[in-house]
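Generate the whole structure from the sequences, applying the supplied hints.
For what it's worth, numbering that gives the first Met the number 0 labels the leading residue of the sequence shown as 0, then goes sequentially.
None of these hints come from the bench; they were simulated from the model.
Honestly, I wouldn't trust all of these hints.
Heads up, simulated EDC-like pairs for lysine to aspartate or glutamate below, C-alpha to C-alpha not over 20 Å straight-line [as the list claims (entries may be wrong)]:
| id | residue 1 | residue 2 |
| --- | --- | --- |
| 1 | K35 | E46 |
| 2 | K318 | D287 |
| 3 | K291 | D251 |
| 4 | K92 | D82 |
| 5 | K92 | D24 |
| 6 | K27 | E70 |
| 7 | K235 | D251 |
| 8 | K318 | D248 |
| 9 | K35 | E88 |
| 10 | K258 | D232 |
| 11 | K117 | E463 |
| 12 | K318 | D283 |
| 13 | K318 | D240 |
| 14 | K35 | D24 |
| 15 | K235 | D248 |
| 16 | K291 | E262 |
| 17 | K27 | E130 |
| 18 | K27 | D97 |
| 19 | K235 | E221 |
Computed from a prediction, not measured in an experiment: that's the story for all the values here.
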Amino acid sequence: MTSNGLLHPDGVADSGKKPPLNRADEVKELLDAVQKLIIPFIHAADEDANIKHTGHGLVIPGGVPRTVLVESHPPEQLEKLLDFQTPHEGGGKDGLLDMLQKILQYSVNTWDQGFMDKLYASTDAVGLVSELILAVLNTNVHVYQVSPVLTLIEKHTTRLLASLIGFDSPHAGGISQPGGSASNSSALVIARNTLFPETKTAGLGGRRFVLFTSAHGHYSLEKAAQMFGFGSDAVKSVPVDAVGCMKPDALDAMIEAAKQAGETPFFVNATAGTTVLGSYDPLDAIADVCAKHGLWMHVDGSWGGSVIFNAELKASRLKGIERADSVVITPHKMLSVPMTCSFLIGKDLRQFWSAMTLPAGYLFHTTPPTATSIHDLADLTPQCGRRGDSLKLHLSLTYHGLSHFCAALTRAFNTAAHLAALLAAHPDFVLVSPCPPPCLQVCFYRARGGALGADGAANGGTTERLVRRLVRRGWMVDFAPGGRGGMVRVVVGLGTRRGTVEGLVRALEEVAGEEGV
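See the structure below:
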């Protein structure tokens with residue numbers, strides 16, 4: 000061993016004559032090979048889209064039912080097919096490609112038009128590029144020193160989102176977070192530490208903190224309450240109206256009751272696009288209640304908040320959002336940006352810093368007094384390890400432009416409205432969603448002659464059978480609890496075609512006939 004203790008990768012002492020690195024050639028070789036697997040995977044979804052209007056997907060020949068969307072197996076069987084091995088000696092390129100082939104074969108192809116199951120869809124070409132660039136850079140956006148460009152991109156992107164929301168303060172901005180749940184959790188800590196600064200160091204003390212969210216709000220608030228010592232009972236569920244919107248008068252009454260009970264209300268979570276019905280809470284009226292009681296107003300716009308990119312949709316669904324203290328926007332849900340990409344946006348980033356900063360002199364070397372001078376972004380978040388997820392939205396906007404998202408949102412909402420209208424006019428379906436729906440979900444029951452039975456379990460059973468049978472035809476939709484048992488929930492994506500939803504209705508008719516319902 001040499002005096003400096005350096006060894007070559009093969010274990011030979013470093014004599015100063017190092018073999019040339021060939022990492023660039025290795026990357027090129029692997030990317031060229033992997034591309035030959037990826038392109039057919041995406042191309043198959045494009046081909047499948049051409050016949051989706053018929054109600055069927057392309058069937059791939061083989062021994063098992065397999066569509067472009069998915070070759071479905073139960074977990075135990077799939078584990079055997081994948082035959083996971085961890086070799087002592089690596090399998091090299093051939094072993095890698097063999098595993099990648101299996102991964103693609105047995106995974107859900109979200110590029111397929113028939114994927115209408117969850118609150119996200121496929122990404123696009125620029126999305127793939129953005130993920131590749133992040134892997135090439137492989138840096139941590141925690142301090143400016145090691146990620147100067149990605150830091151500035153995050154600050155630029157969050158200022159843009161703040162502006163679109165209507166936060167016009169020079170201190171407005173935000174941070175990226177690993178998903179909407181993390182964004183909601185961070186908002187909860189920032190709110191508590193801002194309104195009650197002593198809790199940052201002394202903890203909850205004798206206070207019984209409570210927070211309020213819609214009965215249709217996301218479960219992440221309860222998880223956060225458990226993590227931060229409030230307990231899930233501290234999350235008060237506010238009743239909703241017939242279309243799933245929080246009732247501001249009920250919120251006001253519940254806050255008053257909490258005060259009378261010796262509790263400490265501090266946080267209200269309004270939802271912009273609920274998980275099942277896609278409802279938008281009345282933000283202006285909720286803001287009035289928060290102002291009356293001095294509470295932090297947070298808007299969970301993880302799903303529906305992306306309509307800030309469309310002025311008409313924003314005006315009709317987000318009136319009053321600029322009055323919030325914090326807002327979550329999650330582009331990986333509605334805007335086809337790769338997962339994960341979520342942001343917590345605030346009207347005053349100095350609050351984020353005051354609430355989150357800790358004296359870690361080995362990492363953070365400045366104490367910035369203004370939002371514009373904060374460049375070590377991990378000082379604003381619970382996470383020290385931070386991926387540069389802002390790049391994904393930034394590159395998508397660079398490639399497509401703001402006008403693309405505005406127009407695409409209009410088309411998507413029109414497509415969802417078209418699906419709702421088709422179901423409303425159909426004699427054998429009962430539409431639950433308003434027509435047109437408030438967001439991109441459409442919820443309904445199958446009921447011959449429009450006569451939905453009173454047996455919720457039977458209705459839910461019918462729904463589940465239809466949903467499972469649709470998979471064999473190349474469609475994935477979901478089901479969710481409804482007023483009369485489980486109902487079908489379909490999610491329209493940014494790129495969903497009008498013909499696709501027409502094909503879905505045909506497929507539903509046919510599988511219902513096969514099931515005899």
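Right, here's what the structure says about each hint:
1. K35 <-> E46: holds, 17 Å
2. K318 <-> D287: holds, 12 Å
3. K291 <-> D251: The given pair, whose Cα atoms are some 9 Å apart, holds under the 20 Å limit.
4. K92 <-> D82: Holds, at about 18 Å.
5. K92 <-> D24: With Cα atoms ~13 Å apart, K92 and D24 stay inside 20 Å; holds.
6. K27 <-> E70: Not satisfied, since the Cα-Cα distance of roughly 30 Å exceeds 20 Å.
7. K235 <-> D251: holds, 12 Å
8. K318 <-> D248: Measuring from Cα to Cα gives roughly 18 Å; hence the hint holds.
9. K35 <-> E88: Roughly 25 Å between the alpha carbons, so the hint for K35 and E88 is violated.
10. K258 <-> D232: holds, 15 Å
11. K117 <-> E463: The given pair, whose Cα atoms are some 16 Å apart, holds under the 20 Å limit.
12. K318 <-> D283: holds, 6 Å
13. K318 <-> D240: holds, 18 Å
14. K35 <-> D24: holds, 17 Å
15. K235 <-> D248: Holds: K235 and D248 sit about 14 Å apart, inside 20 Å.
16. K291 <-> E262: holds, 17 Å
17. K27 <-> E130: Within the cut-off at roughly 16 Å; holds.
18. K27 <-> D97: holds, 18 Å
19. K235 <-> E221: The hint holds at about 9 Å.
Checked against the numbered hints given earlier, this structure breaks hints 6 and 9; the rest are met.
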